[in-house]
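As they're listed, the protein sequences go chains G and Z. Reminder that position 11 of the first sequence reads as -7 in my numbering, one-by-one numbering, no gaps. Basically my numbering = 1-based index in the second sequence + 118.
Hints were generated in silico from the structure; no laboratory data involved. Since the structure is predicted, the reported quantities are computational estimates derived from the model, not experimental observations. For glycine and all other residues, C-beta sits at the position ideal for the given N, C-alpha and C. Accuracy of the hints is not assured; some may be wrong.
DEER-style ranges, computed between Cβ atoms [what the hints assert, rightly or not]:
#1 G:Glu335 with Z:Pro246: 46 to 56 Å
#2 G:Glu339 with Z:Asp291: 33 to 43 Å
#3 Z:Glu185 with G:Asp17: 52 to 62 Å
#4 G:Gly138 with Z:Pro246: 41 to 51 Å
#5 G:Gln176 with Z:Asn403: 26 to 36 Å
Cross-link-like lysine-lysine pairs, in silico, DSS-like; alpha carbons within 30 Å at most [unchecked claim]:
#6 Z:Lys368 with G:Lys19
#7 G:Lys284 with G:Lys357
#8 G:Lys116 with Z:Lys361
#9 G:Lys371 with G:Lys393
#10 G:Lys56 with Z:Lys229
#11 Z:Lys172 with G:Lys16
#12 Z:Lys429 with G:Lys16
#13 G:Lys(-12) with Z:Lys437
#14 G:Lys116 with Z:Lys368
#15 Z:Lys332 with G:Lys19
#16 G:Lys(-7) with G:Lys130
#17 Z:Lys151 with G:Lys19
#18 Z:Lys303 with G:Lys19
#19 G:Lys357 with G:Lys406
#20 G:Lys130 with Z:Lys437
#21 G:Lys412 with Z:Lys303
#22 Z:Lys129 with G:Lys19
#23 Z:Lys414 with G:Lys56
#24 Z:Lys229 with Z:Lys140
#25 G:Lys19 with Z:Lys361
#26 G:Lys412 with Z:Lys437
#27 G:Lys284 with G:Lys130
#28 Z:Lys437 with G:Lys16
#29 G:Lys412 with Z:Lys151
#30 Z:Lys216 with G:Lys16
#31 Z:Lys229 with G:Lys412
#32 Z:Lys368 with G:Lys(-7)
#33 G:Lys56 with G:Lys116
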Amino acid sequence: MKALVKSAIAKSKADFIEIRLEDGNLVEVAYSGKDLKKAQETRDYGGYVRALVDGSWGFISFNRSENLQDYVQKAEENARAAGRGNVALAPVNPVTDVVSSAVDAANDPRRVPLEEKVRLFGHFSSTVLNLNKKIISASVGYRQSDRKIVYANSEGTLLEMNGVWGAGGISAIGRDGNIVQSVHTGFGTRTSWQDIVDAEQQIESLGRQVLDLLSAEPARGGRYTVILDPKLAGVFIHEAFGHLSEADNVSDNPKLLSQMVLGTRFAQDHFNVLDGGALENERGSYAYDDEGVPSTLTHLIKDGLLTGRLHSRETAAAMGEPVTGNARTIGYRFSPICRMSNTFIGAGPHSFEKMLEGVDNGLYVSGGGSGNTSKGLFTFSAEKARSIKKGKLGEWIRDIVLTGNVFQTLKDIDMVGDDLVRSKSGGCGKSVGARMQYPLCVSMGSPHIRIQNVLIGGR
Amino acid sequence: MERILELAKKKADQAEVFRIEKRSEPACFFGGKLTALETEEMLATGLRVVVNGKLGFSSTTHPDEGESLVLRALESAEFGPNADLEFPSAVRHFGAGKFYDPAVIDLSSEKQIEIGEEMIEIVQSSFPDVNLEVEVTKEAQRVSIMNSHGGDVSYERSLFQAFLNVLWILESDRAELEHTYTSIKLTNGPQQMAHDAVWRFNHCRRVAPIETKKMTVIFTSLGFRGLFVPLFYGFNGDLVARKLSLLSDKLNQHIVDPRIVLADDPTNERYPGSCPVDDEGVLTNKNILIDKGILKSFIFDLRSSHRLGLKSSGNGFKKSSLYTGFSVDAQPNPTPSTFVIEPGTISRDELIASVKEGIIVDDTMGAGQGNNLNGEFSMNVALGYKIENGQIVGRVKDVMVAGNVFEIFQHNLRNMTQETWPEDTLFGRYCVPWIAFDDMPVSAT
């Protein structure tokens, strides 16, 4: 295989060419209440060739890999037909490496039979259904992807990488009269099936949470001092700020770029945001990105100032900034684009108790977070909230929606907790043109944070 | 395919092989400039088996995989759901017929680039400062399905698609439009979509004040996206079979205003979802769902129809969730081909001129986030305009619209336009007029 790839590259006349071949398996198990909806394993095999000629890209993806040479030619033809462009690549050192993720051999998720996965998640589902009488349904699922990738380019980089990503989720859905509420917990692993088995410990608290929410009052709209829990704060920083840090979202857009000039004050002192694939065994971790660039850890905001962004080789060259190893693809059907890896708000000095102090009328908002963003504007729904009155946690509140402008909201963060937590499940979506690239494995992390003056939707 | 079917039949009581071959070629423009030409070739195979009354599934994109594909499907059947279905025995080879336009397939890359440049020119001549992302794509598909009941169908299809993203950054604000047009045939839809974008952004030049109250709300065909999801939930045969649809027991009853005629229409080459058979090999037909306000039918795949002792309506499409498109590793689910609402009697201009106070909802954030099973919708208006005394007076901001889709179609329908537009959205495909509702609560946040 490697020999084929090398010889196809050697014959290319492009200014730059790269080939990716990939062989992956996807295991999916899903229950809806007692019903097993899905128990399957599928295979995804294919590759791409991407060629750069006279500053324009040509790309082809395929499932038949035997005629690699033809695809190299077609990618070059596409690049030539695109005419003269201004794409250049930031220089990097060629690397040759073989990377296998460090899996616990005795608990390798890939070796656990489908039957056992079906059994465990069936058990999770019935455990949820038996939590209490108000629970009307459960939604439980597992998704495990493992892949072998060969990557080579015309600069001499040759990589073999393989790894496994397992992630599960458990939702409990409760009903009281016309009110339906659901709560969710996610979990995952890069190394051991035991991490999935241990998720059972998270189920019991879901029952209590559903009851609390069913007796909760709906949110009243208005502006509040808000404390976000690590889960929601992680979603917030990923969705509202992280996507703006992807260099391809700003490199061709002078107006947006003018709001993202490095060195600009974005937040108060001691507020830090980082992203990096170089963390060990997190969901968004990798040794090399999909252009063969070693992963790093990048300060996006340091002590309140905008200090970095997430680059591919193309955007790093276009903007004259260092490469960060953030060119990623969800698979061989797409060219790599600028993506996040493990994005997180750095831990700060404050305890949760300290944050509560001095909040006269606020909300402690937590969990969930389906949301939308549009280049700086955001809308998120949260799973649940509790009122804060005179520094004390009060009643439960449901149907919470937060909206705002990220540039203002970041400046309004006045306290950062000391209790950083990272997500172990979930994926990130990004569209290029009409095609959504989802799900990409990432993690989102944060400690508790406190934000002044947040707009909460409600009746 | 024959080989896989034979291998599967040795161990399974029933088997079905699905295969798609496609070639998709987008020309991609970023920052208003051509940056890449791409080609996607796909060859993917799905296999469903029934063993001891249980359904199993697997898929592969490896061109030579046979035995291990069958083994995975058999293993899946050990735990699979009860196989309440029977594969159809139709034999039809449609070839490159009604759903294949050679003009799309023969489109040169130069012509694709020209169309993209025209779209950019149309928008930039009115809005030189906006950031533009454009794709113009041609695609050829061949779908074949064979099963152990002798069923053997195939067809070829062309798709012509254009994508347009316009981002307009203002001082402390921004307006964004993301729009996709898809057709079986070669049309001037992409250029029209660009002209429509100019119309949209012309109304964003100033912000109109708005306060919380009841008023007329017009959903454009793009804005209808927020209503499509709860509407589709009502007609989803799987939810009907499980008595979870709120329309489950309302057949032949008046459920909405008598001016409403709603169909699922896979037969029209103008619509993006048209095809002669679904992904289970069932022949498709135009299916009237609501006739003059009366509920007539639902959309079914093989499994959901079998549970009710009915025939599939030819709506079993491989789409794994509301938020994803076709996927070979998904099993078929009841999915609309294209939902079509028959046009109304007045023009867009007349409709706008007839409204004393109201808003036009053109694009939404948060569509599909309400309680869809109950028919409820709740959305932020991402792109919307205020009407006062029959005139559009500016853009509205920080506005939410919520309600129940079946209730507003029953009690609040004001009017529908003669003009319709086929939309290809993340949630699904539909072709509808602009639809106006009176006395809708609009909240300004």
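Now the hints, each set against the structure:
no. : hint                               : verdict
1   : G:Glu335 with Z:Pro246: 46 to 56 Å : holds (54 Å)
2   : G:Glu339 with Z:Asp291: 33 to 43 Å : holds (36 Å)
3   : Z:Glu185 with G:Asp17: 52 to 62 Å  : violated (30 Å)
4   : G:Gly138 with Z:Pro246: 41 to 51 Å : holds (44 Å)
5   : G:Gln176 with Z:Asn403: 26 to 36 Å : violated (52 Å)
6   : Z:Lys368 with G:Lys19              : holds (27 Å)
7   : G:Lys284 with G:Lys357             : holds (21 Å)
8   : G:Lys116 with Z:Lys361             : holds (20 Å)
9   : G:Lys371 with G:Lys393             : holds (24 Å)
10  : G:Lys56 with Z:Lys229              : holds (18 Å)
11  : Z:Lys172 with G:Lys16              : holds (16 Å)
12  : Z:Lys429 with G:Lys16              : holds (26 Å)
13  : G:Lys(-12) with Z:Lys437           : violated (37 Å)
14  : G:Lys116 with Z:Lys368             : holds (28 Å)
15  : Z:Lys332 with G:Lys19              : violated (42 Å)
16  : G:Lys(-7) with G:Lys130            : holds (25 Å)
17  : Z:Lys151 with G:Lys19              : violated (45 Å)
18  : Z:Lys303 with G:Lys19              : violated (37 Å)
19  : G:Lys357 with G:Lys406             : holds (26 Å)
20  : G:Lys130 with Z:Lys437             : holds (26 Å)
21  : G:Lys412 with Z:Lys303             : holds (28 Å)
22  : Z:Lys129 with G:Lys19              : holds (23 Å)
23  : Z:Lys414 with G:Lys56              : violated (51 Å)
24  : Z:Lys229 with Z:Lys140             : holds (21 Å)
25  : G:Lys19 with Z:Lys361              : holds (17 Å)
26  : G:Lys412 with Z:Lys437             : holds (19 Å)
27  : G:Lys284 with G:Lys130             : violated (36 Å)
28  : Z:Lys437 with G:Lys16              : holds (22 Å)
29  : G:Lys412 with Z:Lys151             : holds (20 Å)
30  : Z:Lys216 with G:Lys16              : violated (44 Å)
31  : Z:Lys229 with G:Lys412             : holds (28 Å)
32  : Z:Lys368 with G:Lys(-7)            : violated (67 Å)
33  : G:Lys56 with G:Lys116              : violated (59 Å)
When each numbered hint is compared with the structure, violations occur for hints 3, 5, 13, 15, 17, 18, 23, 27, 30, 32 and 33.
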